[in-house]
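Engineer: For what it's worth, the UniProt record's numbering labels the leading residue of the sequence shown as 1, then goes sequentially.
Just so you know, not all the hints are guaranteed correct.
Quick list of in silico lysine-lysine cross-link-like pairs, BS3-like style, CA-CA up to 30 Å [stated by the list, open to error]:
{"no.": "1", "residue 1": "K254", "residue 2": "K299"}
{"no.": "2", "residue 1": "K299", "residue 2": "K273"}
{"no.": "3", "residue 1": "K272", "residue 2": "K244"}
{"no.": "4", "residue 1": "K56", "residue 2": "K273"}
Keep in mind the hints are simulated off the structure, nothing from the lab.
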Amino acid sequence: MKKNIILFTLLFTMIINVYSQTASDYYLPLCVGNYGAFDTPESGTYGGRKTVYHLKQTDIVAGELAYLQEAYEIGDYTPNDTSIFQQFWLRNDGNGNILLVAINLQGTGSINDAIILEVPHQYLPNEYLTLGYSRYFVFGDETTYDTVVSVSAIVGTYTNCIVVRETTVRDTEINIIDEYYYAPNAGIVKMQRLYHREEPQEYIASLIDILASDCNVGLQNDEFVDENLITIYPNPASDIVNLKIQNSNNELLKLNIYNALGILVKTLSISKKENQVNVSYLTNGIYFTTVSSDNFTAKQKLVINK
Numbered sequence: 001m002k003k004n005i006i007l008f009t010l011l012f013t014m015i016i017n018v019y020s021q022t023a024s025d026y027y028l029p030l031c032v033g034n035y036g037a038f039d040t041p042e043s044g045t046y047g048g049r050k051t052v053y054h055l056k057q058t059d060i061v062a063g064e065l066a067y068l069q070e071a072y073e074i075g076d077y078t079p080n081d082t083s084i085f086q087q088f089w090l091r092n093d094g095n096g097n098i099l100l101v102a103i104n105l106q107g108t109g110s111i112n113d114a115i116i117l118e119v120p121h122q123y124l125p126n127e128y129l130t131l132g133y134s135r136y137f138v139f140g141d142e143t144t145y146d147t148v149v150s151v152s153a154i155v156g157t158y159t160n161c162i163v164v165r166e167t168t169v170r171d172t173e174i175n176i177i178d179e180y181y182y183a184p185n186a187g188i189v190k191m192q193r194l195y196h197r198e199e200p201q202e203y204i205a206s207l208i209d210i211l212a213s214d215c216n217v218g219l220q221n222d223e224f225v226d227e228n229l230i231t232i233y234p235n236p237a238s239d240i241v242n243l244k245i246q247n248s249n250n251e252l253l254k255l256n257i258y259n260a261l262g263i264l265v266k267t268l269s270i271s272k273k274e275n276q277v278n279v280s281y282l283t284n285g286i287y288f289t290t291v292s293s294d295n296f297t298a299k300q301k302l303v304i305n306k
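Using the sequences plus the hints, can you model the full thing?
Structural biologist: Okay, structure coming up:
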């Protein structure tokens with residue numbers, strides 16, 4: 001009886017681990033091209049505007065692949081002004097936390113001009129899935145407090161949204177109170193300013209357009225039976241990659257390369273154990289390669305970084 005209870009407990013724990021969500025499930029999928037666009041109507045002395053957050057490119061930061069998230073605003077009265085106000089490099093730490101690893105304050109979009117954080121900041125931690133969780137961090141003369149005030153909010157068709165209230169304190173007085181609504185598989189779907197001490201500008205920024213594609217779209221896991229049959233190097237690559245195949249039969253193989261949206265961008269027929277493939281035409285980002293024959297299908301991830 002005791003043994004059965006132990007086995008049941010282990011099985012139950014495994015099921016929970018398989019289906020448990022992480023913070024990355026509540027963020028815009030980290031794929032180049034994904035974006036969220038928000039509309040904010042005119043309020044008080046603050047004009048209406050469109051705000052866009054998009055994943056522009058990938059770069060290698062401290063040996064890890066990171067995504068440049070760029071944000072800009074388009075004012076209703078100044079449509080030609082697309083001033084960039086945010087350039088953050090983000091990555092998933094492998095445990096589901098979204099980390100901030102670099103910041104560019106110059107707006108150049110170059111990692112060479114960015115500040116690399118010695119200790120990555122937990123931009124969206126797994127603890128945000130817990131109602132009542134709170135943390136704070138200090139930047140200059142401001143202290144910011146984040147508190148999870150809901151894990152079941154509804155925004156339009158989005159349900160089970162996490163609401164994080166961000167309160168900024170300066171000189172012991174509350175300066176700004178914002179709320180951010182995170183939806184599963186979409187990220188931020190609503191932003192609301194509740195208070196601004198220096199200039200009243202309460203507003204709601206509503207999601208009006210979104211592209212939240214999974215990098216594995218079109219590539220089902222059950223299509224792949226062995227990842228060790230092919231080796232790609234260098235990886236990350238820029239112009240030429242070497243493809244080594246554990247194929248003792250020298251049979252004719254098909255090489256497919258898919259982009260982050262799951263769109264096929266190149267197909268080759270190969271038969272050698274070692275091949276050189278020209279990838280100079282590919283832009284920076286993540287790609288997925290598949291090598292297949294009548295007997296097997298194998299996959300590898302390819303990173304282009306020029």
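Engineer: Hint by hint, say whether it matches the structure.
Structural biologist: Taking the hints in turn, this is what the structure says about them:
1. Distance check on the hinted pair: K254 and K299 sit about 12 Å apart at the alpha-carbon level, within 30 Å; holds.
2. Distance restraint check for K299 and K273: the Cα-Cα separation of roughly 16 Å lies within the 30 Å cut-off, and the hinted pair is therefore satisfied.
3. A hinted pair counts as satisfied when its Cα atoms are at most 30 Å apart, and K272 with K244 qualifies at roughly 8 Å.
4. At roughly 36 Å between alpha-carbon atoms, K56 and K273 are farther apart than 30 Å, so this suggested pair is violated.
Violated hints amount to a single one, hint 4; each of the other numbered hints is respected by the structure.
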